[in-house]
Amino acid sequence: MDIFTAAMWIGTIVFLLISLKKDKSKTLKALKMAFGMGKGMLGSILSIIFLIGLILTILPPENIAEFVGSQSLLMATVGSAAFGTITLIPAFIAFPLVGSLVDAGVGIVPSVAFLTTLTMVGVVTFPLEKREFGLKFTATRNGLSFLFAIMIAMVMGVIA
Amino acid sequence: MKILEKVKDNTFLIVITVAYILMFLIKPDLGVASMENSVYYIKEMILIMPVIFILTALLDAWIAKEKITKYLGKESKVKGITLSFVLGCISAGPIYAAFPMCVMLHKKGASVRNLVIILSSWAVIKVPMLLNEAKFLGIKFMAIRWVLTVIAIVVFSWIASKIIKDEDIGKKEEKTSGLTLNRESCMGCTLCTKNYPEIFGMQGKKAYIKSFDAEVDKESLSQTILACPVRAIHYNE
Numbered sequence: 001m002d003i004f005t006a007a008m009w010i011g012t013i014v015f016l017l018i019s020l021k022k023d024k025s026k027t028l029k030a031l032k033m034a035f036g037m038g039k040g041m042l043g044s045i046l047s048i049i050f051l052i053g054l055i056l057t058i059l060p061p062e063n064i065a066e067f068v069g070s071q072s073l074l075m076a077t078v079g080s081a082a083f084g085t086i087t088l089i090p091a092f093i094a095f096p097l098v099g100s101l102v103d104a105g106v107g108i109v110p111s112v113a114f115l116t117t118l119t120m121v122g123v124v125t126f127p128l129e130k131r132e133f134g135l136k137f138t139a140t141r142n143g144l145s146f147l148f149a150i151m152i153a154m155v156m157g158v159i160a
Numbered sequence: 001m002k003i004l005e006k007v008k009d010n011t012f013l014i015v016i017t018v019a020y021i022l023m024f025l026i027k028p029d030l031g032v033a034s035m036e037n038s039v040y041y042i043k044e045m046i047l048i049m050p051v052i053f054i055l056t057a058l059l060d061a062w063i064a065k066e067k068i069t070k071y072l073g074k075e076s077k078v079k080g081i082t083l084s085f086v087l088g089c090i091s092a093g094p095i096y097a098a099f100p101m102c103v104m105l106h107k108k109g110a111s112v113r114n115l116v117i118i119l120s121s122w123a124v125i126k127v128p129m130l131l132n133e134a135k136f137l138g139i140k141f142m143a144i145r146w147v148l149t150v151i152a153i154v155v156f157s158w159i160a161s162k163i164i165k166d167e168d169i170g171k172k173e174e175k176t177s178g179l180t181l182n183r184e185s186c187m188g189c190t191l192c193t194k195n196y197p198e199i200f201g202m203q204g205k206k207a208y209i210k211s212f213d214a215e216v217d218k219e220s221l222s223q224t225i226l227a228c229p230v231r232a233i234h235y236n237e
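Top line first, the protein sequences correspond to chains A and B. In terms of my numbering, the first sequence has 11 at position 11, counting the first letter as 1, and numbering is strictly consecutive. In terms of my numbering, the second sequence has 117 at position 117, counting the first letter as 1, and numbering is strictly consecutive.
Same shape as in the complex, but just chain A:
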């Protein structure tokens, strides 16, 4: 557990104890609500998780890196940005991977495009986001994130 997750747990438990002391029935109602929210989202989250597991098996990040490395700069950038949107790789795998991409001479632009879409744009989480916020919000947020990810990558290519 990283320190931020731990801090969140501690903070929430303290909050919960204070809340219990101040108003027991209100707190119990809140807990019931939390349980209800969890139950409502569990199916979708499990689907997402097992889908990611499947994608990581069929398209291992190493193969993606290899493929991207052999393309022209433009293709590599668009391609890596697109790959980034599909998968949701944890940071401790993504950063060393991108580090090796840069070392292998793939170039900064595709690497940054990949990193940014990886976390900000989610094809896998799209259905869940749509359920919670509606289609228009989800499509706009993901679309803009994708465009700006490529722009960030290009600017980085110029300055870094």
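Honestly, the hints are just simulated from the structure, not real lab data. Incorrect hints may appear among the rest.
Only pairs whose alpha carbons sit at most 25 Å apart, straight line, appear in this in silico SDA-like list of lysine to any residue [unchecked claim]:
1) B:Lys194 <-> A:Ser19
2) B:Lys65 <-> A:Ser19
3) B:Lys135 <-> B:Leu87
4) A:Lys22 <-> A:Leu42
5) B:Lys194 <-> A:Leu16
6) B:Lys67 <-> B:Tyr208
7) B:Lys67 <-> B:Arg231
8) A:Lys130 <-> B:Thr180
9) B:Lys70 <-> B:Arg231
10) B:Lys74 <-> B:Ile151
11) B:Lys140 <-> B:Phe85
12) A:Lys29 <-> B:Tyr208
13) B:Lys210 <-> A:Lys22
14) B:Lys135 <-> A:Pro60
15) B:Lys65 <-> B:Gln223
16) B:Lys165 <-> B:Val150
17) B:Lys27 <-> A:Glu66
18) A:Lys24 <-> B:Trp62
19) A:Lys32 <-> B:Glu184
20) A:Lys136 <-> B:Lys108
Note that the structure is a prediction, hence the values are computed from the model and not measured.
We have chain A already, so just place chain B on it with the hints.
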């Protein structure tokens, strides 16, 4: 009928399950590998989601709508933007962990722009992630990417707020006389069906209004409306 509804609500889960079954039949070793790859994410979910749900519900219970509107609403300007970035950066967990929290904040008056900022910064510029990035790609790389990303989020959250109206988030009201239930924002927690089973029922994973007439117990109805975690129920006389 009921089975059909259940299938429709869980299409995604069913498709994934079928994909796994096929994989285990055709290439068992790939199936096992996929399962193993999923384990990390399941651990991550178990570590973070319970605390997110409890925190969201507690904040919902204790923080007044006026406060959220003041600090994260349309009029919050730079203060709201800064607060949204801080919220996103210090929180833990994958992007979907931000969904329930953001839905709650929006119901209490947070603006579209600040929602986009919280979601995006939650996803991409979290502090633990930045440390990892500096380790593998260098501090300079990390710092430039961080600055560019913050600028990008400030700009595209503004564009998003021009495209998306508040009503776009969870619309489709179901009307029965003066009582309305927003099925789009319903999270399927079943609290309303427990509080007032005569009026509310479940259809698939979402609540609906079974029957409604003037002979309602106003007291229990308003209790039920207040209990809804996402404020999906409205009543106008």
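Proposed proximity, B:Lys108 with A:Lys136 (alpha carbon, max 25 Å): Cα-Cα ~20 Å, so holds.
Given pair status - A:Lys22, B:Lys210, alpha carbons within 25 Å: Measuring from Cα to Cα gives roughly 36 Å; hence the hint is violated.
25 Å limit on alpha-carbon distance, applied to hinted pair B:Lys194 and A:Leu16: holds (24 Å)
Restraint check for A:Lys29 with B:Tyr208, where alpha carbons must lie at most 25 Å apart: Holds, because 21 Å separates the two Cα atoms, which is no more than 25 Å.
Distance restraint between B:Lys67 and B:Arg231, which requires alpha-carbon spacing of 25 Å or less: holds (17 Å)
Holds or violated: B:Lys135 to B:Leu87, with C-alpha atoms at most 25 Å apart: holds (24 Å)
Given pair status - A:Glu66, B:Lys27, alpha carbons within 25 Å: Holds. B:Lys27 to A:Glu66 sits at ~24 Å (cutoff 25 Å).
Straight-line alpha-carbon gap A:Lys24 to B:Trp62, limit 25 Å: Between A:Lys24 and B:Trp62 the Cα gap is close to 12 Å, so the pair holds against 25 Å.
25 Å Cα cutoff - pair A:Lys32, B:Glu184: holds (21 Å)
Distance restraint between B:Lys67 and B:Tyr208, which requires alpha-carbon spacing of 25 Å or less: Roughly 31 Å between the alpha carbons, so the hint for B:Lys67 and B:Tyr208 is violated.
Pair hint outcome, B:Lys165 versus B:Val150 [Cα-Cα no greater than 25 Å]: Holds, because 23 Å separates the two Cα atoms, which is no more than 25 Å.
25 Å limit on alpha-carbon distance, applied to hinted pair B:Lys70 and B:Arg231: holds (19 Å)
Going down the numbered hints, you'll see the structure goes against 4, 6, 13, while the others check out.
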